[in-house]
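J.: Chain residues, written in single-letter form:
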Amino acid sequence: MRERLEELRREALAIVAEAGEEARLREVEVRFLGRNGEITGLLRQLGSLPADQRPAAGREANLVKAALQEALDQRRDQLQQASLARELRGEGFDPTLPGPPPPAGALHPLSQVQRRLEDLFSSMGFLVADGPEVEWESYNFDALNIPPDHPAREAQDTIFVRAPQATAEASAAAESDGKADGVVLRSHTSTVQIRALKKHGPPLRVVAPGRVFRQEAQDATHEHTFHQMEGLVVDRGVGVAHMLHAMNSLLEGLFGRKLETRLRPGFFPFVEPGFELDARCPFCDSGCRVCKGSTWIELMPGGLVHPNVLEACDVDPEVYSGYAFGLGLSRVVMLSYGIDDIRWLLSGDLRFLRQFPS
Amino acid sequence: MKISLNWVGEFVDLDDQDPAQVAELLSLHTAEVEGLEVFGDNLREVVVGEVVECGRHPQADKLSVTRVAFGAGETVQVVCGAPNVRQGLKVAFAPVGTVLPGGLKLKKAKLRGELSMGMICSAQELELSEDHQGILELQPEAKVGQPLIEHLALADPVLELDNKSLTHRPDLWGHYGFARELAAILQRPLKPLPVLADWPEAQSEIPIHLLDPEGCPLYLGLPVELGGRPSPSPEWLQRRLLAVGQRPLSDIVDLTNFVLLELGQPTHAFDLDRLSGPEIQVRAAEEGEVLTTLDGQPRSLQAQDLVIADGSGGVALAGVMGGGETEVGDSTERILLESAVFHPVRIRRTSKRLALRTEASSRFEKSLDPALAEQALQRFAYLLAKVRPQARLMAAPAKTGQAAAPQRRLQLEPAKTSALLGLPLQAEEMLRPLQALGFQTEAKDESRQAYWVEVPSWRATKDVTLDIDLVEEVGRLAGYHRIEAVPLRAPVEAPWKDPVRNLARRLCDRMAGTHHGFESQAYSFLDQRWAKRLNLPLEAFARLQNPVQEGVDLVRRDPIPSLLEQVPANLLENERGLLFECAKGYQPGNGPLPEERIWFGAVAWSPKSKTEDGPESMFGRMRSLTEDLLRCAPLDDWQVQTGLPSKQDALQAPWAHPSQSLCWHSSPKTKDAGRILAVSAMLDPQLREELSLENVAVGLFLLDLAALTQLCEGRLPRFESPARFPAIKVDVALALPVTVAYDQVEKALREAGGKLLEDLRLFDIFQGASLGEGIRSLAFHATLRSASKTLSEKDEQKFLKRVEAAAQRLGGNLRSC
Chain A
1 MRERLEELRR
11 EALAIVAEAG
21 EEARLREVEV
31 RFLGRNGEIT
41 GLLRQLGSLP
51 ADQRPAAGRE
61 ANLVKAALQE
71 ALDQRRDQLQ
81 QASLARELRG
91 EGFDPTLPGP
101 PPPAGALHPL
111 SQVQRRLEDL
121 FSSMGFLVAD
131 GPEVEWESYN
141 FDALNIPPDH
151 PAREAQDTIF
161 VRAPQATAEA
171 SAAAESDGKA
181 DGVVLRSHTS
191 TVQIRALKKH
201 GPPLRVVAPG
211 RVFRQEAQDA
221 THEHTFHQME
231 GLVVDRGVGV
241 AHMLHAMNSL
251 LEGLFGRKLE
261 TRLRPGFFPF
271 VEPGFELDAR
281 CPFCDSGCRV
291 CKGSTWIELM
301 PGGLVHPNVL
311 EACDVDPEVY
321 SGYAFGLGLS
331 RVVMLSYGID
341 DIRWLLSGDL
351 RFLRQFPS
Chain B
1 MKISLNWVGE
11 FVDLDDQDPA
21 QVAELLSLHT
31 AEVEGLEVFG
41 DNLREVVVGE
51 VVECGRHPQA
61 DKLSVTRVAF
71 GAGETVQVVC
81 GAPNVRQGLK
91 VAFAPVGTVL
101 PGGLKLKKAK
111 LRGELSMGMI
121 CSAQELELSE
131 DHQGILELQP
141 EAKVGQPLIE
151 HLALADPVLE
161 LDNKSLTHRP
171 DLWGHYGFAR
181 ELAAILQRPL
191 KPLPVLADWP
201 EAQSEIPIHL
211 LDPEGCPLYL
221 GLPVELGGRP
231 SPSPEWLQRR
241 LLAVGQRPLS
251 DIVDLTNFVL
261 LELGQPTHAF
271 DLDRLSGPEI
281 QVRAAEEGEV
291 LTTLDGQPRS
301 LQAQDLVIAD
311 GSGGVALAGV
321 MGGGETEVGD
331 STERILLESA
341 VFHPVRIRRT
351 SKRLALRTEA
361 SSRFEKSLDP
371 ALAEQALQRF
381 AYLLAKVRPQ
391 ARLMAAPAKT
401 GQAAAPQRRL
411 QLEPAKTSAL
421 LGLPLQAEEM
431 LRPLQALGFQ
441 TEAKDESRQA
451 YWVEVPSWRA
461 TKDVTLDIDL
471 VEEVGRLAGY
481 HRIEAVPLRA
491 PVEAPWKDPV
501 RNLARRLCDR
511 MAGTHHGFES
521 QAYSFLDQRW
531 AKRLNLPLEA
541 FARLQNPVQE
551 GVDLVRRDPI
561 PSLLEQVPAN
571 LLENERGLLF
581 ECAKGYQPGN
591 GPLPEERIWF
601 GAVAWSPKSK
611 TEDGPESMFG
621 RMRSLTEDLL
631 RCAPLDDWQV
641 QTGLPSKQDA
651 LQAPWAHPSQ
661 SLCWHSSPKT
671 KDAGRILAVS
681 AMLDPQLREE
691 LSLENVAVGL
701 FLLDLAALTQ
711 LCEGRLPRFE
721 SPARFPAIKV
731 DVALALPVTV
741 AYDQVEKALR
751 EAGGKLLEDL
761 RLFDIFQGAS
771 LGEGIRSLAF
781 HATLRSASKT
791 LSEKDEQKFL
801 KRVEAAAQRL
811 GGNLRSC
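Residue numbers (the numbering used here), protein chains in the order written: chain A, 1 to 358; chain B, 1 to 817.
Hints should not be assumed to be uniformly reliable.
What the hints assert, rightly or not - Partial list, derived from the structure: chain A residues whose beta carbon lies under 10 Å from chain B:
(1) Ala-129
(2) Pro-132
(3) Met-247
(4) Phe-267
(5) Ile-339
Claimed, not checked - Reference listing, derived: stretches of chain B covered by chain A, where coverage requires no fewer than 3 residues with Cβ under 8 Å from a Cβ of chain A:
(6) 18-29
(7) 344-357
(8) 405-417
(9) 468-475
(10) 479-485
Honestly, the hints are just simulated from the structure, not real lab data. Just so it is clear, the structure is predicted and the values come from calculations on it, not from any experiment. Here a beta-carbon is modelled for each residue, glycine too, at the ideal position from N, C-alpha and C.
I would like the entire structure built from these sequences, with the hints used as guidance.
T.: In structure tokens:
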């Protein structure tokens, strides 16, 4: 029995010394010390030994068992240390392997820019309004001081909606009364000036982003459907300096820094005086393609709300004044992201939409 | 429009002004300058040369071989074909290497064997005039070697103005108007326009009948005897025209163009001897009347058009273009020069309808100052005397009718003006520039709080009509660029937020963020074919009168069709995708204005999966998406039904598969019970084929945002405290005839679970030979939990028993798990 014990001891210790991984140690533990292990088996045979040999054999067997257990623990410890050291050295770990393809999904760049501006103006007390895209001709024009026979009213610019059969006769009758009101796809978000003023009345601060439509052939820089954002403030004592401040804030929100700006004359029938706002080109210092070398880019028309417009909305121009401005959202989106063809915006093309993670 | 600064400089001193600076001043104070080019710049390399030798070409009769000195070292040999080349002549010489205005680069050449080292140029080759009779002869004292543009004082800075920024300024359609602006901006005197002081005593007797006084309230006809046939204009006049891109023709025509470009008033010269009568009638056209304009086009007219007629018929389309028959030509000896006032709107309608925009029509439509009609003739007469001394005014013009700009007296309040503009200006600083522009000002009373301002005729026709228009004048002359931004100080309240927009925004975020969809924007118009595809009559759509593209005249009712149109192109590179859009839809309503709805719609596509229904399928995915968005609304209670919406529902889904579709209605417990909220579906099979989408699974859903907002506004999800007792998880599988729908099974299981059933999740659907024909197995994870105790095995057994009973009721049995 002693020899057998010694044999087992040597064999087990040799395996432990050579074991390169913990699993191997586990095997040894099971094989020799487990419930049905070989050393355990020997111990179980103690009872069959003569009584006088039992204590010594038992002691020896227990010594072997303890030695083996210690060797196992030691080796396990070594292996764990080595493995930790390997892990810390980064062995066998390639941090340059890629992760799984990231889940996609994004808001449209138009929405992203629009939201940024909506939030900015909200924080300055503007409400965000919305008007119908299919609109009364009179709201799109007359109320905005664009009388009949103004060039902007011509069919080449505006898309008209047919009168439905049922009302065609009624409107023909109205036309002969001179009260006809047609229906158009709004050609600018300025219609919201009328809607918002009629609904909320002064004092009022509102921005109105949305789709507008023009009868226009498409190419890289022209679209029949595009987006604008209108701003309108009507209150007592509102003047050009306040408009300029709002415009500057808008540009700062858009480009993330203050840009030098300047106002110059511009003509729009629904404002008087009317302006164009130029900003120092945010893309260059000394002239580039975007600013056509001038270092200024024309960004936003605006003006003081024309008294005729206030009157059309039952606001007394003797008491209230206001300003309005319009931002070409589509254009600003194109400028901001360097989009070279406006037709991408409404293409629904994933190759386009994927490029603006939100 | 092109404005020559040399020309403007005749009326206001610009000698010390850099042209770029002038351009900037005009942009800042008047109208947008889009470009600045120096006329003559393309002649930089052409110099004054002298023909020092001139002999016959040995091989060609019509060619001469010359030697030309041009100030650069040696003389060079040049072959010249002009008849007027001769020794000693000073010429415009283009040495080898010169790029001529046409773009031609001169090279060393051999002409019939003789070397030619440059070109002696004609005026036409230099694009200086139409004259190609021979080479340009320069004055004998011209300095050899001097650049030609310097010698001829040709260089002329020319501004390109944005016409759109001039639409409201009838006074800026000629050079004199810009001189007036610059005089006011630079605070310099404006020189008066030299005109003929006195008309001849005799009055023209050519009868003029104004038969349409609304269309033409004033007409002047000046008869002129030319004293010979028309001849080319003098160089200075040609140069003015060329600089602004106008081709010189003959002195009479050039003069009318010159006056138009200077004053903005169009005039028209008739060949007097070709006018039948001679007499002039200005009348409305007869419906269908045909007039051949001088471009040779027969024009079919309508009753609103204005016609100038002589004794025998129409001779000009008033205010737009003259007629061919009475045009001034080479043989013209006497003219009748027309200068008139025409109704702006009628001119514009005619010119627009005929797509015939001319220099004349684009001016008449701006409401020109009526006083210009006579001034233009006076200016013409003055210039005629200089250009064509042999010509003679036959009489003073016959002036028929009356027209004058309205007298307008407006009020300027300096304090108010200053405040509106945000420019601290003294009254004097406001009045001075106004006066420079021709406004008369006068203090209203001694307090000088307000001034009367009389508007000059050239601004009074429509541009300056209200007090606020004076604020504009004051502001722009002072310079808007001087205005400094000031924040508006006023009480601020939290602005009203549109709940529909808020919900839309949240749902967009959810779709993009959680469901990895891409927000799209699709066109609002649909091809007419969509009506048929959707089985809808055309009357179900709002339709466009003048669509951008023929036949694409339907306004979309909801975003699904236009989103579907975006799928095929995407399929080329993306085998799966999810696009969504929050969009407005329209359909005919009770009045002329169509009814508007706000929708949230989505389209998804992917390769076909093994099963068409169930959790793995596109159909199932659309259902989950829809219900997730409803929960975000937040809604926790609804009725879901299979099939299409009913006819009464406010949401119609003509694109949906009739049997692979689901509708959600508000729960009977809510205030708006039974209102349709959403539909999700697979694409209708017919549409699938029409759009060539047979090989992919296309799923759709549409939510009514307004309905959802009304139902959920102000709602928040309710928190439920998690139970403290542990749950038991039990898996059960039921083998049932396939005819038993899932929802029956789920209902039965929920009943079996009662209050204890916390969660029930389908995890496997299996059908196979082992189960027998027509049998399918549905396997569930069930979670049982009690709020008051720890459940025991007994509870589990009880549940299983009930499930077994339920399975049997449904015609199947509980499988062992």
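J.: Each hint should be assessed against the structure and marked as holding or not.
T.: Going down the list of hints, with the structure as the test:
Using the Cβ-Cβ criterion of 10 Å, the hint placing Ala-129 of chain A at the interface with chain B is satisfied: the shortest such distance is roughly 7 Å. Hint status for Pro-132 of chain A: holds, given a least beta-carbon distance of 5 Å to chain B, under 10 Å. Interface hint status for Met-247 of chain A: upheld, as the beta-carbon distance to the closest one in chain B is roughly 8 Å, under 10 Å. At its closest, the beta carbon of Phe-267 of chain A sits 5 Å from a beta carbon of chain B; the interface hint therefore holds under the 10 Å criterion.
A cut of 10 Å between beta carbons decides the hint on Ile-339 of chain A: the least distance to chain B is about 13 Å, and the hint is violated. Taking a C-beta to C-beta cut-off of 8 Å, the segment 18-29 of chain B contributes 3 residues in contact with chain A, enough for the three needed, and the coverage statement holds. Residues of the segment 344-357 of chain B lying with their CB closer than 8 Å to a CB of chain A number 4, which satisfies the three-residue condition for coverage. Check result for the segment 405-417 of chain B against chain A: violated, 0 residues qualifying (beta carbon to beta carbon below 8 Å, three or more required).
Counting residues of the segment 468-475 of chain B whose C-beta sits closer than 8 Å to any C-beta of chain A gives 5, which meets the bar of three, so the coverage hint holds. Look at the segment 479-485 of chain B against chain A: 5 of its residues bring a Cβ nearer than 8 Å to a Cβ of that chain, three or more, so the hint holds.
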